[in-house]
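A.B. asks: Here are the chains, one letter per residue:
Protein chains: 2
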Amino acid sequence: MLKKQLFSPGPTPVPERVLLAMAGPVIHHRDPAYEELFEEVREGLKYVFQTKNEVLLFASSGTGAMEGAVCNTLSLGDEALVVRGGKFGERWGEICEVYGVDFTAIDVPWGEAVDPVLIERALDANPSIRAVFVQAIETSTGVMHPIKEIADIVNGRDDTILVVDAISALGVSDLPMDKWGLDVVVSGSQKAFMLPPGLSFVALSDKAWDFAERSTLPKYYFNFKKELASAQKNQSQFTPAISLVVGLHESLKMLKEEGLENVFKRHQKLALATREAVKALGLELLAQNAPSNALTAIKVPAGIDGKKLKSDFEERFGLIVAGGQSQLKGKIIRIAHLGYFQQMDIIQAVSSLELLLRDMGYPVELGRGIRAAEEVLGSA
Amino acid sequence: MLKKQLFSPGPTPVPERVLLAMAGPVIHHRDPAYEELFEEVREGLKYVFQTKNEVLLFASSGTGAMEGAVCNTLSLGDEALVVRGGKFGERWGEICEVYGVDFTAIDVPWGEAVDPVLIERALDANPSIRAVFVQAIETSTGVMHPIKEIADIVNGRDDTILVVDAISALGVSDLPMDKWGLDVVVSGSQKAFMLPPGLSFVALSDKAWDFAERSTLPKYYFNFKKELASAQKNQSQFTPAISLVVGLHESLKMLKEEGLENVFKRHQKLALATREAVKALGLELLAQNAPSNALTAIKVPAGIDGKKLKSDFEERFGLIVAGGQSQLKGKIIRIAHLGYFQQMDIIQAVSSLELLLRDMGYPVELGRGIRAAEEVLGSA
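Chains E and U, in that order, give the protein sequences.
Using our numbering, the letters of the first sequence correspond one by one to residues 287 to 666.
Using our numbering, the letters of the second sequence correspond one by one to residues 287 to 666.
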């Protein structure tokens, strides 16, 4: 018997009450019952995005809204700056390329955060750059980029917007869109929103909406201006993913009940406990200087088979963790503490790690990681 | 007490066993359990599409796959022919416009099917037309267009493909993709696939894949070639809408258990019973010459308030039917018999119609429509 549990940074576990809400008969998206629910969903999304502006919903994975963020704000031949410090940073570049947006890349070693000074220099060197694309949390490495500092740099420039992929960051760490002046914030359902994948979200600042007015790249399904007009009538441009929106209504209620600040604190504590446990076991974090609170990426020690370590997590203990992607394949293990996670989930992950590593021949003093985790969890 | 029941042509009712399948814990899309399920889903989709080629899945509404059908097969300045006989025909034109595809429209009065001769003439007159866009069933009017006849015309031309929006048609009427030589077939989850909205499907003929090789329009999320490469590895390019795919696995099982031929016969019988009942009540069908088996559009009789008729269906009997869209607003009532529908569902709809019309002052002999429906339902 194995209770399979998601410890992957997307999909993440979906609370039972959300699953049950989605299991009800499908309602019609023009029905008053749905319209009332959708109004509350729109308000709830503004709460999580910390914005007064409308948050748009699409039936798509987060990548759809990332594509929309490019083709709704820019035009052919526009210049952009892309921070590439992992698989998702590369995705911004790929999307720009498809749309004929000329981009300069700041290539950051995978596992490190971007130095904001590099962004400032790049913008100073080329004032034609219209948009800076970055991840808040780069899910492939577990790094948190310094979004506040980057926003402070971009905000001084009238002709440049900051576009943030916050798919793994929203609802994890404080990322107040309006207060910090983030221009485009993208997110997705299968992370801290505690839903199955299939919904993406995006909000634009007034400055970004001005960009949208002038953008000439083609778009239809992900047309932000038209979707905004529909949202302002409390509708969707196309048939929405009704059951997921019903689930979102429930998970937003949970986030409100807990309160955003407590949600952030919970993630911080779980992440810190995980990191301290990992270090106590003599393991190395991939994201040494800027680890995110969404997931912890651990370097697989020399002599240990990373692929086997990942699959043993599942086969022996039912824990579905993630391995590395692209250049990090086999080299890291990623343990998520993102969304529907609580203290004893971390204990499960750390204990599994201790037992698995010991049995693979890595020197482990059993309980040492757990003790470090408990010290964090037990603190005020 | 009201048992709310969907009689709308999307969303349609979702079977309890599908709802329950989707209510289980979310599984990871790289997990062997998901991979096994996804392999069966891919096979099941080929069965319903009646094609040997791969059927691609996207997390999006059907419109997303329609957009993909344009931007994956054509290039800037290409010419196209669009059949516009309703709201969804117009959508093909809108998408072409966004992408700079020059299109000629064949405007068909809403409620009528296109005459294939008009398509033949248009293609003869302009051999540069690269693609013909049409609906199999135009959901806004309930009309079924003559797809087989149109395919016979397009198939003779090497430089032209036929692109069929079969969102409301697949799993309703026989539409054998390979046998008829349809080049692109698009569908969606919330119709005969008996799922909530949020998934779109598309399959391409070998000829259409050749077009995809040459297409230069920008695409990223809906990139068919890249999605095909992923599907051939039994994966998805981006995080799939896992819970909906799990539901699809269950609903495809149901379609297989019943057998496609029986599914078509069931829809035909239910549709015929509805139409005969409507006529027996002295009402007029909107789609007089080419009514589809997915839904029946009924003209609201003079002197009757169409909006009130629609809402009374729901408020008095719990039946959620659809009204008219755009130019047909208030003028028609659309009753679906599409997907998870059986004989007594039709009896409910017809009986509600009789009672509502009588109470609104339309002369009705109670039971007359029901008798006509029963005669169809009771026949072999």
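No lab work stands behind these hints: they were computed from the structure.
Hints may be right or wrong, so weigh each one.
You can't tell identical chains apart in this list, so a pair holds if it fits in one copy or across any two.
[Stated by the list, open to error] Result set (DSS-like, lysine-lysine): computed pairs, CA atoms no more than 30 Å apart in a straight line:
1) Lys373 with Lys434
2) Lys615 with Lys585
3) Lys594 with Lys289
4) Lys565 with Lys539
5) Lys511 with Lys551
6) Lys551 with Lys512
7) Lys594 with Lys511
8) Lys539 with Lys615
9) Lys465 with Lys585
10) Lys373 with Lys565
11) Lys593 with Lys332
12) Lys593 with Lys551
13) Lys594 with Lys615
14) Lys565 with Lys519
15) Lys338 with Lys585
16) Lys565 with Lys511
A.B. asks: Each of the hints needs a verdict: does it hold here or not?
C.D. replies: We went through each hint and held it up to the structure:
1. Lys373 with Lys434: within (22 Å within a copy, 45 Å between copies)
2. Lys615 with Lys585: For Lys615 and Lys585, the Cα distance is within 30 Å only inside one copy (11 Å; across copies 61 Å).
3. Lys594 with Lys289: Answer is within; shortest intra-copy Cα gap is 19 Å, inter-copy 52 Å.
4. Lys565 with Lys539: Close neither inside one copy (36 Å) nor across copies (49 Å); limit 30 Å.
5. Lys511 with Lys551: Classified as neither: same-chain Cα gap 35 Å, cross-chain 43 Å, threshold 30 Å.
6. Lys551 with Lys512: Answer is neither: 37 Å inside a copy and 40 Å across each miss the 30 Å cutoff.
7. Lys594 with Lys511: Neither: 48 Å inside a copy, 32 Å across copies.
8. Lys539 with Lys615: Neither, since 37 Å and 36 Å both go past 30 Å.
9. Lys465 with Lys585: neither (36 Å within a copy, 54 Å between copies)
10. Lys373 with Lys565: within (25 Å within a copy, 60 Å between copies)
11. Lys593 with Lys332: Intra 40 Å, inter 33 Å, cutoff 30 Å: neither.
12. Lys593 with Lys551: Neither, since 32 Å and 51 Å both go past 30 Å.
13. Lys594 with Lys615: Within. Shortest intra-copy distance 12 Å satisfies the 30 Å Cα cut-off; inter-copy 61 Å does not.
14. Lys565 with Lys519: neither (52 Å within a copy, 37 Å between copies)
15. Lys338 with Lys585: neither (41 Å within a copy, 44 Å between copies)
16. Lys565 with Lys511: neither (48 Å within a copy, 44 Å between copies)
Violated hints, listed in ascending order, are 4, 5, 6, 7, 8, 9, 11, 12, 14, 15, 16; each of the other numbered hints is respected by the structure.
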